[in-house]
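J.: Protein chains in written order, with this note's numbering: chain A, 4 to 437; chain B, 4 to 437; chain C, 4 to 437; chain D, 4 to 437.
To be clear, the hints were calculated from the coordinates, so they are not data collected in a lab.
For every residue, glycine included, the Cβ atom is placed at its ideal position computed from N, Cα and C.
Heads up, a few of these hints could be off.
Covered stretches of chain B (in silico footprint by chain D; criterion: 3 or more residues with CB under 8 Å from a CB of chain D, positions within the stretch not fixed) [to be verified]:
| hint | segment |
| --- | --- |
| 1 | 167 to 181 |
| 2 | 343 to 353 |
| 3 | 357 to 366 |
| 4 | 411 to 425 |
From the structure, some residues in chain B lie toward chain A, with a derived Cβ separation under 8 Å [to be verified]:
| hint | residue |
| --- | --- |
| 5 | Ala128 |
| 6 | Glu132 |
| 7 | Gln209 |
| 8 | Met216 |
| 9 | Asp404 |
| 10 | Leu429 |
4 protein chains.
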Amino acid sequence: MTEFFKDIPQITYEGPGSENEFAFKHYNPEELVMGKRMEDHLRFAVAYWHSFAYEGGDPFGGRTFDRPWFGEGMEKARMKADVAFEMFDILQAPFFCFHDLDVRPEGATFAESKRNLEEIVDIFAEKMESSKTRLLWGTANLFTHRRFMAGSGTNPDPDVFAYSAATIKSCMDATIKLNGANYVLWGGREGYETLLNTDLTREADQAAKMLSMVVDYKHKMGWDGTILIEPKPQEPSKHQYDFDVATVYGFLKRYGLENEVKVNIEQGHAILAGHSFEHELALAGSLGILGSIDMNRNDYQSGWDTDQFPNSVSEVMLAYYEVLKAGGFSSGGTNFDARIRRQSLDPEDLILGHVGAMDICARGLKAAAAMLEDGKLESARAERYADWDKPANAEMLENGDLASIQDRVLTEGINPEPRSGRQERLENLVNSYL
Amino acid sequence: MTEFFKDIPQITYEGPGSENEFAFKHYNPEELVMGKRMEDHLRFAVAYWHSFAYEGGDPFGGRTFDRPWFGEGMEKARMKADVAFEMFDILQAPFFCFHDLDVRPEGATFAESKRNLEEIVDIFAEKMESSKTRLLWGTANLFTHRRFMAGSGTNPDPDVFAYSAATIKSCMDATIKLNGANYVLWGGREGYETLLNTDLTREADQAAKMLSMVVDYKHKMGWDGTILIEPKPQEPSKHQYDFDVATVYGFLKRYGLENEVKVNIEQGHAILAGHSFEHELALAGSLGILGSIDMNRNDYQSGWDTDQFPNSVSEVMLAYYEVLKAGGFSSGGTNFDARIRRQSLDPEDLILGHVGAMDICARGLKAAAAMLEDGKLESARAERYADWDKPANAEMLENGDLASIQDRVLTEGINPEPRSGRQERLENLVNSYL
Amino acid sequence: MTEFFKDIPQITYEGPGSENEFAFKHYNPEELVMGKRMEDHLRFAVAYWHSFAYEGGDPFGGRTFDRPWFGEGMEKARMKADVAFEMFDILQAPFFCFHDLDVRPEGATFAESKRNLEEIVDIFAEKMESSKTRLLWGTANLFTHRRFMAGSGTNPDPDVFAYSAATIKSCMDATIKLNGANYVLWGGREGYETLLNTDLTREADQAAKMLSMVVDYKHKMGWDGTILIEPKPQEPSKHQYDFDVATVYGFLKRYGLENEVKVNIEQGHAILAGHSFEHELALAGSLGILGSIDMNRNDYQSGWDTDQFPNSVSEVMLAYYEVLKAGGFSSGGTNFDARIRRQSLDPEDLILGHVGAMDICARGLKAAAAMLEDGKLESARAERYADWDKPANAEMLENGDLASIQDRVLTEGINPEPRSGRQERLENLVNSYL
Amino acid sequence: MTEFFKDIPQITYEGPGSENEFAFKHYNPEELVMGKRMEDHLRFAVAYWHSFAYEGGDPFGGRTFDRPWFGEGMEKARMKADVAFEMFDILQAPFFCFHDLDVRPEGATFAESKRNLEEIVDIFAEKMESSKTRLLWGTANLFTHRRFMAGSGTNPDPDVFAYSAATIKSCMDATIKLNGANYVLWGGREGYETLLNTDLTREADQAAKMLSMVVDYKHKMGWDGTILIEPKPQEPSKHQYDFDVATVYGFLKRYGLENEVKVNIEQGHAILAGHSFEHELALAGSLGILGSIDMNRNDYQSGWDTDQFPNSVSEVMLAYYEVLKAGGFSSGGTNFDARIRRQSLDPEDLILGHVGAMDICARGLKAAAAMLEDGKLESARAERYADWDKPANAEMLENGDLASIQDRVLTEGINPEPRSGRQERLENLVNSYL
Ligand SMILES: [Co+2]
Ligand SMILES: [Co+2]
Ligand SMILES: [Co+2]
Ligand SMILES: [Co+2]
Ligand SMILES: [Co+2]
Ligand SMILES: [Co+2]
Ligand SMILES: [Co+2]
Ligand SMILES: [Co+2]
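Here chain A stands alone, though its shape is the one from the complex (with noise of 0.2 Å):
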């Protein structure tokens, strides 16, 4: 036992009336949603990196934590494994996800590095044995270190994209072992930051090969996780290739991946690409590629990914509406990609960050299916669309030609008179669900 959260119990449901900070309020593992353990429908996950590897620094000041663990070497490392499973443990969290970058010292040389990685991946292996928390995913920080800078896969130098190759290796192989659920790729430096010295056709064409040899790799190890691509607009980069879902389905159809690969949402991203939290999961859904959510939210005022834990019930409930539509997780789970504020410096920030936003996604959930279940919002959706189902008019999407459609709107005299949208008594509706 570390001394890091001595004074913190862990943490269990105690009820909606209790007014213990330190309890769960609306998160009850065991409770049945929908049939399902509230567990298993949620899929809880801490994100190694804001919770352990992040100091507190942002664009004009430097780290703020302090944390008995930051610093260079192994010894570092392990201390912070220790942390983060007397974490998790507390949280009761069923997951956890990582970057290499987050639990392992960047070593002199590629070697060392990987090296550095199986240590670690050994000690999670043998912690993860007496822990209840399992890997949702692992991925790869091509990111961070400043050979990325001009991206990883899309780099103009070779040798950085073989580097990121054999980083990728590592990383899928330390998910693998530790029977992780999926494989995430995000391509933060996978764009640009001015197109006078970009060409995007070969940029495009080598992420497809990164992409491809991953989706390889995970087949020849016959592993059977998703592989997830986790879009995002911008930031770092000016501009991110996987901007969105919709982009990111477009590059997949163009290099023949569709069926390969799925997203990881975050509502962060989201909206600094201008979409709904919802929206990005609906169209997912509609698309078939839905995998996963980052449940971190975003400052409305801010420009830029704050990564916040959520706290809006009625949001978090119309993310999990469009993740129960689409059948629920099946490898995805809820990852919180969400780091307590620079000025959030005591442990138990770092815990009721956490509690706070599990309870929030409970509710939420809890929403969410009572909504789906009750049926009212989906048969109002059905009862719109309700006329193309007449034999005339499936026929007219199956086999219709402008000229025989014209036709008939001339001989039918077809005027059509709207009719109402009826978004605010839709609206009411999904509020008397809260």
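Since the structure of chain A is already known, use the hints to place chains B, C and D with the ligands on it.
T.: Relative to the frame of chain A, chains B, C and D with the ligands by itself:
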């Protein structure tokens, strides 16, 4: 001759020294740029709607313009056509563009609307016999009338789908009859106001069916014009399906239409989608779907589409650079989807809005051509990726896999050193052509 | 009785368990909150313009609503008034608000417009004798007619200034006659479309003169209502002078009007200005100029004013918390400057838009009151600044100077250690009241 | 001489025909513009922080630059100063600007930090004896160290207020000693991350006290430099108090400091606040508080401060036009608060970023001067308001009241006819000077 432009002379090229407001200082149609006449490069088009149908309204105010052709009925429509062709003549405009609703009165029935359009098309055809102005593209207005409030092709009501298909056929017929070079679809109502009442899957299938019918009709008619989609992310709808170039590309790929349809890209729409204009152009060029452009800017401080005439040479230059790199326009051109401000009440304003824009475009084109012919920018770009042409690297891109690449990184101790992206030097270079 | 709402019952409170769409589940006018009737806290007002004058248009489409009172002439205006007061009655609305243009036909001359208004005001006065609904505020529409296209008080044309002043007098007279509680000025055209033709100094002086005349007229008439400015940063103008609360405050100070005028703050306008609604409210409270609110939201993905009914309890709660902290409304209230979506065609939509909003506000008010009464949030806030109450620190704030403070820092070796801002804990606390 | 810039020559003016990257093509210090040397108009300053202290980091990546002076200790600080003055010499920079933290190592105590600063100031003073480069402004970094995470003057902890005051005194002393022309305050942490833990009233009073002490100290020291506030709406804080020019003006008026303090306006900050740069400049000019400028642009597609060197002549021209209209700089100047991109690794990039920017500014200044001297724009502006100069209208503005004006409108039948705002014509005019 109408009285409207009675004191305004035909605009001719007088060169940069001229102080005549009513002259081109930079746009010289006959001047050769990269061996092609400037007029044939730029292929300017006047938008009928903004120039003759827009009344000066905005969301908080009504008509400000006082035009003798405003009002109902065919006589007004004929006067509008007279004025339009007078303006085309004053500007020596090589092209114009129109929606059905811009040019003909709405009928009480579809049949009447169709007849009205046909009558106007006959008038246009006659005028075009003695005019140099040709049709760049036609299109259907499927967004103004209340019947389209919930979409045209994507409407929940199949009768609206049918009415839209019939309307598109009329407009394609008009375009073909007038020897238009392209036919455009802009989906301002193809999207949603609220996800709560929307079925994304159904609506995508409906949109694809409509587009397929358009493509089929083109082929059936043996017409060799180009079908273009104009992307826009939002406005009027909260979310529009043709969000940006990448989204449209994904849609085309999803339904196998990527070889049949290109894009008409507008600067203002690029901005609303979070992109630069040159990004959208470069991406479309890279994807092989760059068709035509709407060269009108947004105000960077306004969160809606302002459709202003272009006035920044440096921005326009970067746009034409991408057009030239993609081989220049074939069927496409430079449409001004621009309106004078609602306070610009005078006939002179309408003329001078176009004159200024044409001069800005001419300056931009010449600078872009100089930059392309000089070759320094393309050399710098190519040099940045030069290592990919080495056989070992080309081979890696062709046949590499993660495991063998990792082996090579380990064996060779690959540890890439980053190189400068030289952004400021390239920006200085660009400015040297202005 | 008109036929318009003929099948819609009066809305009454039925409590949270009710499944009746046409009932309040949370808004119970008589319920005491912090010792005051809920109705007296919230002071709801219906906006005449959005409810009865808005035709469903947007920048790309025309009228969608089909209302028997649309059209010209006093008879239509009377029918509109009948329907309006029927709706006030259905909703038990304590207040309404109007512009002159909403309620009377525009005359051919100022004199005729004035007479039309006076006639309608007489009708209103008569209706109000048998209605519970009072006037929250009146205002002049100085933005729709083309004469105001370049501003009203800030117009370059002194005749428009005069016309505007005359109009404001009419509207103040109407407000006073109807015992309105406030008079509002919203400057949608007080700003500019381009700096190139604008004289900021002149226009500020003109605006100040107009406002001073309004204040003088209030005093001259012995009226005890409140003069309110409604800030908005842009739209319709590219830049508006009453950008946000801080800007309005600076303007009032510049011209010595800060004790005469307060602000009417709208959520959507706060968002457009880059603020949260609660920021604008808290700032106005801190500056002593919080007057009234327009409780309508913007869509976070739309860059323009969407004027939608509120539907987020958590946002509304934070707004009322600032109102309650500032002592609650005195002359002000909660106006819904909201319109149903243009696809919401039915009379039911108009009623239910208001019902849902009133319920959301009631939930928000109760949560805000609970939080304020509980006191935990205010205790945490006070505790954070507690060291400033120590005499030495209070003295430093009162009489300190740089040199003596530096001496003390050197002498005492002051080296402050930061303390947690506890944001996540406070956010969890806030959510516990919802 | 250090080795850093060893192959880079001094930059001299070679004229527009030069193809030498390392020459000015437009910035000719001696050239007269409106009768004043270009150097004396522009008063360029190099920012010490971006040029020498920025390491290439961003929120997702660390140091990319490889500079021999990076690291701790006074020796590194001395080497940094050597390189800095070498660059000033290469660029013939008339001015530089610095924060304490840019130039000296942070000490373990305030006393040590103070001594370190004094030692560096002595070095600077010595270097300046043989350099043409003077100090445009000094400032204190009150945002990077964790002690300032919750504000400096506005901190809830009085000890941080004291520490900040002590630091400001040190920096003012340094500025005075080096004969700086101005002293700047930028409040990156003077704002809040969450309203929930913030007391706006207290924090405003604290900020005003700090500013008052700065003004008092200036007078006490008999220093005739200018105190400047640099507005910025957000970043790093979610909300910053010095939001924009209008907000700063209101703050100054509130505390009676409007005659003591001016503003330093940055293009990027104007953009983040929803304004154009020229708006902020024109407004400050109108309010009499235009002090100095930070001439660095934001990327229009990035929602954060990118601090890039200017590269648009047309934008820069509009900025200098406002500066010239306000009478030009007195103590202020043109600071480049700009950093080369993190991929611009080479010493050449650092030099050429400045060279390009200086040339862009020179082109903009010359175009602005031509436009001002020509007078057509100002004539058009004046003509638009000319009717206000008529005695009756001047009288109305001076002594009018609502009632008498309404009488006149009725009597005279005033019914104003709008006139064209001529925006496109004016935009064409502006472009004719480029
Ligand atoms: Co994120
Ligand atoms: Co994420
Ligand atoms: Co547009
Ligand atoms: Co367009
Ligand atoms: Co509004
Ligand atoms: Co309002
Ligand atoms: Co900046
Ligand atoms: Co700055």
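J.: State for each hint whether it applies.
T.: Hint check:
{"no.": "1", "hint": "167 to 181", "result": "violated (count 0)"}
{"no.": "2", "hint": "343 to 353", "result": "holds (count 8)"}
{"no.": "3", "hint": "357 to 366", "result": "holds (count 4)"}
{"no.": "4", "hint": "411 to 425", "result": "holds (count 5)"}
{"no.": "5", "hint": "Ala128", "result": "violated, 21 Å"}
{"no.": "6", "hint": "Glu132", "result": "violated, 28 Å"}
{"no.": "7", "hint": "Gln209", "result": "holds, 7 Å"}
{"no.": "8", "hint": "Met216", "result": "holds, 5 Å"}
{"no.": "9", "hint": "Asp404", "result": "holds, 6 Å"}
{"no.": "10", "hint": "Leu429", "result": "holds, 4 Å"}
Consistency note: the structure conflicts with the earlier hints numbered 1, 5, 6.
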